[in-house]
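Asks: Those protein sequence lines, which keep their order, are chains F and D. Here the first sequence is numbered in this note's numbering, starting from 20 and rising by one per residue. Here the second sequence is numbered in this note's numbering, starting from 3 and rising by one per residue.
A couple of the hints might just be wrong.
[Claimed, not checked] Okay, derived cross-link-like pairs now, DSBU-like style, lysine-lysine, Cα gap no bigger than 30 Å in a straight line: (1) Lys-40(F) with Lys-522(D); (2) Lys-493(D) with Lys-504(D); (3) Lys-23(F) with Lys-325(D); (4) Lys-180(F) with Lys-156(F); (5) Lys-156(F) with Lys-527(D); (6) Lys-275(D) with Lys-303(D).
The set of hints was computed from the structure by calculation and includes no laboratory data.
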Amino acid sequence: MAVKSIFISGVGGQGTILAGKVITTALVNLGYDVKMSEVHGMAQRGGSVITQIRYGDRVYSPLIEKGRADVLLAFEKLEAARYVEYLSPEGTLIVNDLEMPPASVLVGKEEYPADIVERLKEEIRNMIVVDAVGVAKECGEIRAQNMVLVGVLARVMDWPKDAFVEVIRDVVPAKYVDVNISAFERGWDMGML
Amino acid sequence: MKKAFLTGNEAIARGAYEYAVSFASAYPGTPSTEILENISKYPEIYAEWAPNEKVALEAAAGASMAGARAIVSMKHVGLNVAADPLFTLAYTGVNGGLVIVTADDPGMHSSQNEQDNRNFAPFAKIPMLEPSDSQEAKDLIGEALKISEMFDTPILFRTTTRVSHSRSVVQLGERKSLEMKPYSKNPEKFAMIPGFARKRRLNLKDRLAALEDYSEQFPYNRIELGKNYEVGIITSGISYQYVKEVFGDEVSVLKLTMTFPLPKKLIAAFAEKVKEIYVVEELDPYLENQIKAMGFKVKGKEVIPEIGELSPEILREKLKGEKPGITFKPYAQLPSRPPVLCPGCPHRGVFYVLKKMKAVVTSDIGCYSLGVLPPLESIDSILCMGASISMGHGFKKAFEANGKNATVITVIGDSTFLHSGITSLMDAVYNRSNTINIIVDNSITAMTGHQHHPGTGYNAKEEPAPAVSLEAIYRALGVENVVVVDSYDLKAVENAVKDAMKYKDGPSVIIARRACALLKGKGPKGLYAVNEEKCRKCKICLRLGCPAIQVKGDGVFINPLSCVGCAVCVQVCPFGAIEKAGDE
Ligand SMILES: Cc1ncc(C[n+]2csc(CCOP(=O)(O)OP(=O)(O)O)c2C)c(N)n1
Chain F
20 MAVKSIFISG
30 VGGQGTILAG
40 KVITTALVNL
50 GYDVKMSEVH
60 GMAQRGGSVI
70 TQIRYGDRVY
80 SPLIEKGRAD
90 VLLAFEKLEA
100 ARYVEYLSPE
110 GTLIVNDLEM
120 PPASVLVGKE
130 EYPADIVERL
140 KEEIRNMIVV
150 DAVGVAKECG
160 EIRAQNMVLV
170 GVLARVMDWP
180 KDAFVEVIRD
190 VVPAKYVDVN
200 ISAFERGWDM
210 GML
Chain D
3 MKKAFLTGNE
13 AIARGAYEYA
23 VSFASAYPGT
33 PSTEILENIS
43 KYPEIYAEWA
53 PNEKVALEAA
63 AGASMAGARA
73 IVSMKHVGLN
83 VAADPLFTLA
93 YTGVNGGLVI
103 VTADDPGMHS
113 SQNEQDNRNF
123 APFAKIPMLE
133 PSDSQEAKDL
143 IGEALKISEM
153 FDTPILFRTT
163 TRVSHSRSVV
173 QLGERKSLEM
183 KPYSKNPEKF
193 AMIPGFARKR
203 RLNLKDRLAA
213 LEDYSEQFPY
223 NRIELGKNYE
233 VGIITSGISY
243 QYVKEVFGDE
253 VSVLKLTMTF
263 PLPKKLIAAF
273 AEKVKEIYVV
283 EELDPYLENQ
293 IKAMGFKVKG
303 KEVIPEIGEL
313 SPEILREKLK
323 GEKPGITFKP
333 YAQLPSRPPV
343 LCPGCPHRGV
353 FYVLKKMKAV
363 VTSDIGCYSL
373 GVLPPLESID
383 SILCMGASIS
393 MGHGFKKAFE
403 ANGKNATVIT
413 VIGDSTFLHS
423 GITSLMDAVY
433 NRSNTINIIV
443 DNSITAMTGH
453 QHHPGTGYNA
463 KEEPAPAVSL
473 EAIYRALGVE
483 NVVVVDSYDL
493 KAVENAVKDA
503 MKYKDGPSVI
513 IARRACALLK
523 GKGPKGLYAV
533 NEEKCRKCKI
543 CLRLGCPAIQ
553 VKGDGVFINP
563 LSCVGCAVCV
573 QVCPFGAIEK
583 AGDE
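Work out the full structure: start from the sequences and follow the hints.
Replies: See below:
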């Protein structure tokens with residue numbers, strides 16, 4: 020299989036690392052060659068964070084090139100706009116309908132663009148906007164927003180659902196397993212274009 | 003066989019386990035930190051955090067001399083700190099295998115510079131291996147230990163951020179059972195007085211020649227012939243993956259894994275097969291210069307950038323002339339999102355106070371380095387770990403020597419003070435420096451992800467350990483003016499600084515103490531909110547740069563999801579408009 024690339028962007032502390040772990044563990048279990056690159060250290064202090072995932076028969080680079088990601092999974096709108104240049108023209112943008120203003124905006128020095136979703140919709144053919152926080156709240160744990168988004172992604176990529184449910188059972192602490200699985204399943208239901 | 007999906011760092015740790023390492027030491031530093039964190043999970047391996055990299059390497063050298071297989075890991079700048087033992091260890095050689103991991107950070111994701119530590123191998127005259135993915139990282143730890151023992155030499159193991167922090171699939175093996183090597187006293191080998199060192203120097207020369215022969219045969223140095231013999235690419239480390247990504251088997255590749263000493267004959271054989279050679283490497287023209295010095299005509303840094311990280315994209319553009327295809331770029335500029343001090347961070351209030359003082363502030367490396375950014379903007383300098391106190395001392399003395407006056411305040415973290423601040427403060431005491439030295443003691447190494455250090459009361463395996471007392475160190479150094487304040491108490495911090503300004507009999511120390519707000523069970527509790535009726539919208543609270551305090555309309559509001567209840571903002575509001583709104 021030709022190599023596929025998933026670019027995840029978000030804000031430090033949003034659970035992108037766990038999302039990456041669930042996705043890649045499932046892909047490895049499915050028998051693919053997989054590489055993932057993540058950023059640790061300083062950037063995690065509320066900074067912009069990215070995780071890059073590539074899988075297929077044989078993967079060399081852990082980094083995705085601009086204009087070549089099959090999916091951009093953005094945990095926050097500004098971080099969607101920031102990294103959308105990585106998306107391939109045929110690719111799908113999944114964006115969390117969430118605004119987390121960075122420091123410069125909080126103190127009124129810069130403005131948070133008001134029209135991100137509309138602007139992106141004008142340019143991108145395949146786009147799914149998800150209120151992952153709202154859905155996660157309904158599932159009973161706001162922090163499960165990451166699994167909602169993973170659910171959407173799994174459906175978009177046509178990955179087998181069971182493989183993911185199994186992995187969530189393995190990697191999430193026992194008392195959060197059910198919440199995370201229902202968050203994943205709610206996401207799965209929304210993952211249709 | 004079992005397989006696992008590991009980062010390069012986890013794979014190195016696994017390699018240490020499988021290849022019978024029994025001693026590991028390290029000081030944290032991105033991107034190397036997780037190596038020791040993962041090693042410490044294996045009960046078979048003794049693992050420790052050392053106070054700094056020099057101590058870590060010396061401890062590992064002792065373990066190796068005793069006959070154990072040992073590993074020591076650090077970030078690139080850590081090897082500068084450990085350089086002193088490194089250069090003479092090349093002379094003594096080892097007993098048990100000794101691997102020195104240096105994790106470099108091209109692009110400076112989390113570092114103050116991007117030095118290319120491959121240069122240390124020829125400089126210190128020790129062999130070097132460079133893995134290009136996690137499987138190699140694990141396997142090459144075995145090779146490195148073998149080479150170290152076979153040639154009686156420490157060996158450098160060089161990774162970069164993208165090797166250390168990328169995950170790929172790794173086949174796992176069992177731990178080899180290996181007897182520790184016998185130790186017998188041998189001062190001519192291990193005690194480097196000049197007379198013995200001169201002999202070892204000659205021995206070192208022969209060793210390097212033998213290592214070069216080994217490099218010629220080393221199976222991880224290999225030619226991969228492609229469809230095309232016109233162009234040949236010589237590469238190593240992560241750059242190899244980028245070359246394969248962009249070219250597949252279109253071109254021929256010489257993959258170098260032992261990158262010191264280089265295999266001259268293998269390079270010659272490759273040069274004979276292909277018409278034109280490019281050297282593709284990140285940072286310095288390390289391979290290129292050596293290969294050119296051997297007399298081969300190659301192209302390198304005239305096309306490949308020597309600053310920052312490489313990527314497949316850059317190679318595609320520089321070597322194939324291809325620009326990225328159509329990409330979406332709806333905004334020319336977006337608000338950036340740099341890292342910020344967390345809500346409830348105890349460092350925040352200290353910098354808020356310092357900003358109001360007319361003082362020169364020399365600072366140091368750690369989370370508190372973020373005090374250099376707006377809106378706190380109270381730091382004048384950041385150089386390397388430990389430099390705050392000594393630079394402040396030098397600054398003050400230079401001003402005094404030239405008849406000028408300045409208040410000089412230094413700011414250092416607890417882990418950084420224990421790493422390399424103690425001798426700096428000794429200098430300030432000994433030479434009667436009237437500097438004010440603040441230690442922002444959050445009782446953990448926060449920046450790199452909460453590692454213990456000699457002051458926290460726990461060791462690398464999370465077992466209780468003796469805690470070094472900062473107060474006792476200051477007493478022993480002879481600092482007479484020491485006060486302890488709560489970092490959350492702005493008035494106390496301010497008064498401590500003002501009092502210290504009056505003290506003229508040597509350096510003062512202010513211990514600003516409060517646990518990192520992210521430490522489980524140690525952070526503050528509560529929730530604060532803006533009382534709209536009392537708020538006059540002066541926005542002074544925004545000067546704290548707390549991510550929980552946000553502009554709303556023409557006023558401000560405190561985001562209850564972010565607020566952790568440190569109550570520092572309560573103290574800066576001139577109108578008493580920030581009030582307690584909850585206990586959790
Ligand atoms: C020689 C060297 N080793 C390691 C590092 C990585 N590093 C930077 S700051 C730091 C320690 C920070 O801890 P502390 O001083 O307690 O401050 P905190 O982050 O907790 O505020 C480390 C390990 C470095 N920059 N230089």
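Asks: So which of those numbered hints doesn't the model satisfy?
Replies: The structure conflicts with no hint, since it agrees with every one listed earlier.
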